[in-house]
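Peer 1: Chain residues, written in single-letter form:
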Amino acid sequence: MTISTAPVPVAAEAPAPGEPTKKRRLWAWLIFIGGAIYFLVPLGATFYWSLRAEKDVLGFEAYRRLFEDSRFWPSFTESVVNAVAAIILSLLIIVPTAYWVTLRLPKLRPVVEFITLLPFVIPAVVLVFGLIRLYGRPPLLLTRTYGSSRVLLVCAYAALSFPYMFRSVDNGLRAMDVRSLTEAAQSLGAGWATILRRVIFPNLRVALLSGALLTFAIVIGELTIALFMAQHTFGPYMAELTRSKVYEPSAMAVVAFAITWVAMGMIALITRSGQRR
Amino acid sequence: MGGARRPPRFRFGRYLGVLPFFVFSGLFLIGPTVILAYRSLEAPDGSLTLDNYRSLTDPNVMAAYGMSIRLSLLTALIGGVFGFLLAWAVSLGGLGRSSRSGLSTFSGVASNFAGVPLAAAFIFTLGRIGVITSLFEWMGVDLYDTGFSLYGFWGLTLVYLFFQFPLMVLVILPALDGLKQDWREAAENLGATPRQYWRRVAFPILLPSILGTMILLFGNAFGAHATAYALTGGSIPLATLLIGQQISGDVLNNPGLGYAVAMGMVFIMAGSILIYSILQRRSERWLG
Numbered sequence: 001m002t003i004s005t006a007p008v009p010v011a012a013e014a015p016a017p018g019e020p021t022k023k024r025r026l027w028a029w030l031i032f033i034g035g036a037i038y039f040l041v042p043l044g045a046t047f048y049w050s051l052r053a054e055k056d057v058l059g060f061e062a063y064r065r066l067f068e069d070s071r072f073w074p075s076f077t078e079s080v081v082n083a084v085a086a087i088i089l090s091l092l093i094i095v096p097t098a099y100w101v102t103l104r105l106p107k108l109r110p111v112v113e114f115i116t117l118l119p120f121v122i123p124a125v126v127l128v129f130g131l132i133r134l135y136g137r138p139p140l141l142l143t144r145t146y147g148s149s150r151v152l153l154v155c156a157y158a159a160l161s162f163p164y165m166f167r168s169v170d171n172g173l174r175a176m177d178v179r180s181l182t183e184a185a186q187s188l189g190a191g192w193a194t195i196l197r198r199v200i201f202p203n204l205r206v207a208l209l210s211g212a213l214l215t216f217a218i219v220i221g222e223l224t225i226a227l228f229m230a231q232h233t234f235g236p237y238m239a240e241l242t243r244s245k246v247y248e249p250s251a252m253a254v255v256a257f258a259i260t261w262v263a264m265g266m267i268a269l270i271t272r273s274g275q276r277r
Numbered sequence: 001m002g003g004a005r006r007p008p009r010f011r012f013g014r015y016l017g018v019l020p021f022f023v024f025s026g027l028f029l030i031g032p033t034v035i036l037a038y039r040s041l042e043a044p045d046g047s048l049t050l051d052n053y054r055s056l057t058d059p060n061v062m063a064a065y066g067m068s069i070r071l072s073l074l075t076a077l078i079g080g081v082f083g084f085l086l087a088w089a090v091s092l093g094g095l096g097r098s099s100r101s102g103l104s105t106f107s108g109v110a111s112n113f114a115g116v117p118l119a120a121a122f123i124f125t126l127g128r129i130g131v132i133t134s135l136f137e138w139m140g141v142d143l144y145d146t147g148f149s150l151y152g153f154w155g156l157t158l159v160y161l162f163f164q165f166p167l168m169v170l171v172i173l174p175a176l177d178g179l180k181q182d183w184r185e186a187a188e189n190l191g192a193t194p195r196q197y198w199r200r201v202a203f204p205i206l207l208p209s210i211l212g213t214m215i216l217l218f219g220n221a222f223g224a225h226a227t228a229y230a231l232t233g234g235s236i237p238l239a240t241l242l243i244g245q246q247i248s249g250d251v252l253n254n255p256g257l258g259y260a261v262a263m264g265m266v267f268i269m270a271g272s273i274l275i276y277s278i279l280q281r282r283s284e285r286w287l288g
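Here the protein sequences line up with chains A and B, keeping their order. Under my numbering, the first residue of the first sequence is numbered 1, with each subsequent residue one higher. Under my numbering, the first residue of the second sequence is numbered 1, with each subsequent residue one higher.
Warning: the hint list may mix true and false statements.
Restraint-style ranges between C-beta atoms, simulated for each label pair [what the hints assert, rightly or not]: (1) B:Pro194 <-> A:His232: 55 to 61 Å; (2) A:Leu269 <-> B:Ser47: 55 to 61 Å; (3) A:Arg25 <-> B:Arg54: 55 to 61 Å; (4) B:Tyr144 <-> A:Asp69: 52 to 58 Å; (5) B:Tyr144 <-> A:Asp56: 25 to 31 Å; (6) B:Thr57 <-> A:Val111: 34 to 40 Å.
In silico lysine-lysine, DSBU-like type, Cα no more than 35 Å apart, as pairs [as the list claims (entries may be wrong)]: (7) A:Lys107 <-> B:Lys180; (8) A:Lys22 <-> B:Lys180; (9) A:Lys245 <-> B:Lys180; (10) A:Lys245 <-> A:Lys55.
No lab work stands behind these hints: they were computed from the structure. For every residue, glycine included, the Cβ atom is placed at its ideal position computed from N, Cα and C.
Isolated chain B (complex conformation) (with noise of 0.2 Å):
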């Protein structure tokens, strides 16, 4: 206001301007992680141990965490292989420009379109009297006597899926886009078939985005509660699910042994986000 006070307002502004932002981040994200890191490091009796770490090999711990680390891996592989093949088909695959933009606009939806309806949609195709399990059964095959259930592990990996792949195109597009035209242009003038070019010059290229794209969606996919949720109501061993029983009640009868479980999600989650952001890195040297 005053040409007078500005001077003092100026150096004080200075850190004043991001104050709200630490307060508010401190207030909402850093503290309740940090109570829950404080909690699962405090024995019963109040002292500082390390037990709650170690009783994380309880065998319903493993179980959800076995099943958790399962069912991402396997959803980040495949989202990753077949949202690449997408991306590569609309983008290098000469699709036209409508299917490229009319994909990445799809993803975008797609990616968001997480939780309960995702769940809800898939009953209505796969549950009990979805569409397809109809279809199979007028074809004469019962999908739910062959040991397919949509509730279980293969079904929760086909709806996982749903997500995994949009995210995949979306991150891996602007890779694709990054390859530049005149490797391939000097690869071909040195005599390479576009089978070497791919081996030897744009596959090394964009290996460290496709892997580090698969790593988020490994993360995307553990740390997903809601899908799950909505669709197993809990009778699934998941991580996530896990946590969520253990707040509604302590079902491990061990409240220590919980907030470990959350920090360990949390250890994972940070891990593969670390990598995700080294390989990023390594990747934008190239397609920066």
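Chain A with its partners taken away, still in its complex shape (with noise of 0.2 Å):
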């Protein structure tokens, strides 16, 4: 056992007996930068070739093609529109759910939390399966045009991040006093809709806002569903620079990972400041 060299005052802190001896410390540094070799070498590379475009000097010719490549902007927009079609979707079914099931039908939360776990069941291959089966063929037919595909897509999309959307969504409830809230905004006359919209929104926000971040960071550059839809979002247009561009590909690759560090970055900045609050 090893003496702690400053006092300590906060007993979480004191790190008395587990406190970690040199040799535990040598294996952990030794384990910690063998790890961030192995993630940081591949985002090193990319980025070493993304400089590379031009012939003899390093610069930022690669991501001056990807921006000006006709189809980098329109299937990016598309895919932001997208997500957002698909947070705000998810958004008005799960809020409302979330809240009922807390605060009226606490017997259906586990049929509810089951359900919202089960794209975490169903992989994205085998939902576009089901989906282009339902829909695609008479009656229905959904998968004829590509605006009614895209409804699809975004209904998809929604269904996916109801895992991170419940988790999320519930956790805020559980952290207020929701019963009260409500009794209180009942009692001076407000209807269901003014509490949702005025009470619990609000008090949602930081829940919300990690919810609809991380959606956006997995939807942004979905692949799967969007290719079998035919659709020309991010991910395809991404799959298909990769086979058949050089240098534009690590551009792409490293402008993908700051979106998602950016979305990530964001989640951690909100929920820190709403736990100071």
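Put the complex together from the two separate chains, hints included.
Peer 2: Dropping the structure here:
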């Protein structure tokens, strides 16, 4: 047992019996460095390639070409619109459901929880298979036009977001006193729509934002479902680019990584500032 | 709105409130799965049969399932062990707070960095023109002469680990935090060495969590399609890629078998999620 070098007043921080020995810390460093190498080398290599599009000089030529590609912005914007639509749809379904289950139908909770976990059980490729078989034939025929397939795609994305959205909203609801807030609003004469819009939604801001950002990160580059529904979104575009070009895919991967990083970083920021309040 | 109308709306609303959720899930999650299940039980003449499931022994299907299962087991095992070690290093290894928050934020990013960009990143690292491949060449070793290929089993393993490690870290970090200081003190007061403490106290408590998360990793790899598609374009037999080919054009020459292959995946995924949740519940007894 080693003795801590500085007096630490907080019990949880006191490292007395479990304080790392030198040997343990050495091992921890070795593991950490090993992990860092594994994760950083592919990212570094990709970044390096993305700077090499011009002969003999390092520069941002690959990025310029990527952004000037005639299909980059249309596919990217289309995916952003799809993602936002899926997020809104998912919020409109999950928030009232989670609220209602918490307040009025606690018995239904296991069933709802089970259904929200289904996207983990049904792989995306199986889901799109089923969607095509269900909606691709008469009488429904939703896959006939590009627009109706797109609606189907957005619905599938909303369903895919259920596990994250439900969990995040549910955690948010647990953190506040739903019953008292509802009763207080009711006693002031508010109807259900008003309660949801003006009491529950604002109190759930942190939970909703993190659920939304996570959904965005997952949906923005989604390949499988979009591919089989023949959609010209960002995922299929990136796959096509990877097959057909040399330097642009590296710039694309860097951009995609940055988008994921921004989304996750924002979640971390929001959650932290939410806890501080 | 009107006070007089409230009581009846109330009773209605009780189930009306959750109705959109059930309708939507029925249309876009349960419906598609049910239709696949139904079709997998249908014979060409429309009668019910189990023949499609018997045909799963078809060599193409077996090869795809076999490869998927081996790949998922291996990446779950490696990802599980090293992910655990990484989580241990930043939580109990004494690397300081910043390494911990850095790793957990990075894990959030990396576990969502799957699909095409991930495949591209590895092509630039270990593909034929990749940086590491060139580095080996410069040292006089041609990686692709040694039998390695990014587009084969071992390449896929390396790529999948990029999202397997972080998932393990994210799920297991809270479990490591749940180990109580008291247990360690109690063990040490009774004369246990650190090794004994880990073997007889901490490890048995963590084991259900570790196993459960590894099973979660198994499912995570088993259902992955985009990364493998972007990397190999379908040149490697994997269950998800086989289903993809079956969607685009009946490669198995038997639609019924295609539905059975898809349902087989759902059963395996459901089994792994079920075992995960059972083990997770068990670990909550101590770590909850």
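Peer 1: Against this structure, judge whether each hint is valid.
Peer 2: Tested hints:
{"no.": "1", "hint": "B:Pro194 <-> A:His232: 55 to 61 Å", "result": "58 Å, holds"}
{"no.": "2", "hint": "A:Leu269 <-> B:Ser47: 55 to 61 Å", "result": "59 Å, holds"}
{"no.": "3", "hint": "A:Arg25 <-> B:Arg54: 55 to 61 Å", "result": "57 Å, holds"}
{"no.": "4", "hint": "B:Tyr144 <-> A:Asp69: 52 to 58 Å", "result": "30 Å, violated"}
{"no.": "5", "hint": "B:Tyr144 <-> A:Asp56: 25 to 31 Å", "result": "26 Å, holds"}
{"no.": "6", "hint": "B:Thr57 <-> A:Val111: 34 to 40 Å", "result": "36 Å, holds"}
{"no.": "7", "hint": "A:Lys107 <-> B:Lys180", "result": "33 Å, holds"}
{"no.": "8", "hint": "A:Lys22 <-> B:Lys180", "result": "22 Å, holds"}
{"no.": "9", "hint": "A:Lys245 <-> B:Lys180", "result": "53 Å, violated"}
{"no.": "10", "hint": "A:Lys245 <-> A:Lys55", "result": "16 Å, holds"}
Going through the hint list in order, the structure does not satisfy hints 4 and 9.
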